[in-house]
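Peer 1: The residues making up each chain are set out below.
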Amino acid sequence: MCDVAPLIRVKVLFFGRLREQLGTSEDFAELADGATLASLFAFYAEKYPQLKSFRTSLVASRNQEFAAWDTALHAGDEIAFLPPVSGG
Amino acid sequence: MSDTNPQDSVALQREPIDAAGLAAYVRGPEDGAIVTFDGFVRNHSHGRSTKFLEYEAYEAMALAKMNEIASHLHEKYAIHRVAMAHRLGHLEVGETSVFIAVSAAHRGVAFEACRCAIDTLKKTVPIWKKEFFEDGAVWADGELPPAPPGAKSAS
Numbered sequence: 001m002c003d004v005a006p007l008i009r010v011k012v013l014f015f016g017r018l019r020e021q022l023g024t025s026e027d028f029a030e031l032a033d034g035a036t037l038a039s040l041f042a043f044y045a046e047k048y049p050q051l052k053s054f055r056t057s058l059v060a061s062r063n064q065e066f067a068a069w070d071t072a073l074h075a076g077d078e079i080a081f082l083p084p085v086s087g088g
Numbered sequence: 001m002s003d004t005n006p007q008d009s010v011a012l013q014r015e016p017i018d019a020a021g022l023a024a025y026v027r028g029p030e031d032g033a034i035v036t037f038d039g040f041v042r043n044h045s046h047g048r049s050t051k052f053l054e055y056e057a058y059e060a061m062a063l064a065k066m067n068e069i070a071s072h073l074h075e076k077y078a079i080h081r082v083a084m085a086h087r088l089g090h091l092e093v094g095e096t097s098v099f100i101a102v103s104a105a106h107r108g109v110a111f112e113a114c115r116c117a118i119d120t121l122k123k124t125v126p127i128w129k130k131e132f133f134e135d136g137a138v139w140a141d142g143e144l145p146p147a148p149p150g151a152k153s154a155s
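Order-wise, the sequence lines are chains A and B. Be aware that the first sequence starts at 1, since it is given in my numbering, and climbs by one per residue. Be aware that the second sequence starts at 1, since it is given in my numbering, and climbs by one per residue.
Same shape as in the complex, but just chain B (with noise of 0.2 Å):
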């Protein structure tokens, strides 16, 4: 996307996460502050024991949406350098999920950002997780993203 500032790391991936190399990657000579966030996956769900996860996602659009979150951080946020991963296909219990990493010149708006960013991938970003379990799996509740200006319901 062309609002997408080029020195931003946004990647959807089947290979493991490298957390420690997105964080060096947005360290910068300029910076005093790397904030970062590492998602993971939990061994229950709903009081329920969990084997493995399931992510699939609109792989274009989910791409699009982290780009256009890490182009607001920069809009709103006095930062540096944004790095955000997110895994698709199977993981397994403590492996990665997401990961996202925020330099700034300062820590304030460094954690502020980072938080930012991962509630509103969380929200918006089309990326679907599917839980199993020894007997059986579901597609986890998730957020219905926002509807545009102007939606009605489909009836």
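The following block holds chain A by itself, in its conformation from the complex (with noise of 0.2 Å):
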């Protein structure tokens, strides 16, 4: 057998004025296992430059959990990250 990096798949949501930037409110993303939320958004910011501009203005959650920027991801995760929310 060929030795091959795993990936893992990682549903990813995009919210208010994020999925006005991307255009898309869902995607999916394989990574090298062993990614963190950040490289995740590291990787969205390399596809969609115009992102760079909300990485302090942004938190990241999985799994319907608000999440550190450190935390590892695994496959099948559902992943989104958030602009600051303004309900009520």
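Treat each hint with caution, since some may be false.
[Unchecked claim] Calculated pairs, DSS-like style, for lysine-lysine (alpha carbon to alpha carbon, straight line, at most 27 Å):
# : chain 1 : residue 1 : chain 2 : residue 2
1 : A       : K47       : A       : K11
2 : B       : K123      : A       : K11
3 : A       : K52       : B       : K76
4 : B       : K51       : B       : K130
5 : B       : K130      : A       : K47
6 : A       : K52       : B       : K51
[What the hints assert, rightly or not] The following label-pair restraints were derived from C-beta to C-beta distances:
#  : chain 1 : residue 1 : chain 2 : residue 2 : range
7  : A       : D70       : B       : P6        : 34 to 40 Å
8  : B       : G21       : A       : V4        : 40 to 46 Å
9  : B       : P29       : A       : Q50       : 54 to 60 Å
10 : A       : K52       : B       : D38       : 39 to 45 Å
11 : B       : D119      : A       : E65       : 16 to 22 Å
12 : A       : E26       : B       : D135      : 29 to 35 Å
13 : A       : E30       : B       : P29       : 56 to 62 Å
14 : B       : D18       : A       : N63       : 29 to 35 Å
Think of the hints as simulated: they come from the structure by calculation, not from any bench. Every residue gets a Cβ at the ideal spot worked out from N, C-alpha and C, and that includes glycine.
Put the two chains together into one complex, using the hints given.
Peer 2: Here it is, written out as structure tokens:
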């Protein structure tokens, strides 16, 4: 068998101004095992340069819980990058 | 969620909120007070005249966070029931966007719990408001929910 670094596939959701900037509300990403929320964001910032300016004004969630940027991702995770919330 | 009080009512909805119905829902014979919060669409924002609003949510997470708020209220305050509803979609000026009702035996905890509920909702529930004006639209500034312990920047 060949040694191939395993990839993990995660679902990524975008909301509000982020959804509008990217023109999509949902995506799937494949990353190397050991990827974190920070590296997933970096992946999207590479793909969508307009995302970079949002970096300091977002929080991330993993499986519907707010999560630190150094949180490791697992196959099947549902990730979202959340702009400042404004309900009420 | 397993820790949700089954007698509470938590909802995200596109149809108008039945405020009177929710206030009646939390009312029990053991209660002596109900405090309600009715948040509705203002006709101006930052000096501009608002035409209408649109709300969107990360619905599954927003419902989970609203249920967490209700659970937290029960842990912290001697209250009876909580009803909490938030609108999504298109809202006209004057329409209720969020409604919270808390019942308790005594008014003090009902006031405190209701205040805690709306303040926490505005900081932690993933809902977003877009304001539409005559000459354009903006996403409301909002609040960045607190990152969990150990969080570092995305850099």
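Peer 1: Next, verify each hint and record whether it holds.
Peer 2: Here is how each hint holds up against the structure:
1. K47(A) <-> K11(A): Distance of about 16 Å is within 27 Å: holds.
2. K123(B) <-> K11(A): Between K123(B) and K11(A) the Cα gap is close to 25 Å, so the pair holds against 27 Å.
3. K52(A) <-> K76(B): 40 Å, violated
4. K51(B) <-> K130(B): The hint holds at about 11 Å.
5. K130(B) <-> K47(A): With Cα atoms ~26 Å apart, K130(B) and K47(A) stay inside 27 Å; holds.
6. K52(A) <-> K51(B): With a Cα-Cα distance of about 31 Å, the restraint between K52(A) and K51(B) is violated, given a limit of 27 Å.
7. D70(A) <-> P6(B): 34 to 40 Å: 37 Å, holds
8. G21(B) <-> V4(A): 40 to 46 Å: Between G21(B) and V4(A), where Cβ atoms are some 58 Å apart, the hint is violated.
9. P29(B) <-> Q50(A): 54 to 60 Å: 57 Å, holds
10. K52(A) <-> D38(B): 39 to 45 Å: With Cβ atoms ~40 Å apart, the hint holds.
11. D119(B) <-> E65(A): 16 to 22 Å: Holds, since D119(B) and E65(A) (Cβ atoms, about 20 Å apart) stay within the stated range.
12. E26(A) <-> D135(B): 29 to 35 Å: 31 Å, holds
13. E30(A) <-> P29(B): 56 to 62 Å: 58 Å, holds
14. D18(B) <-> N63(A): 29 to 35 Å: Given range 29 to 35 Å: holds, Cβ gap about 32 Å.
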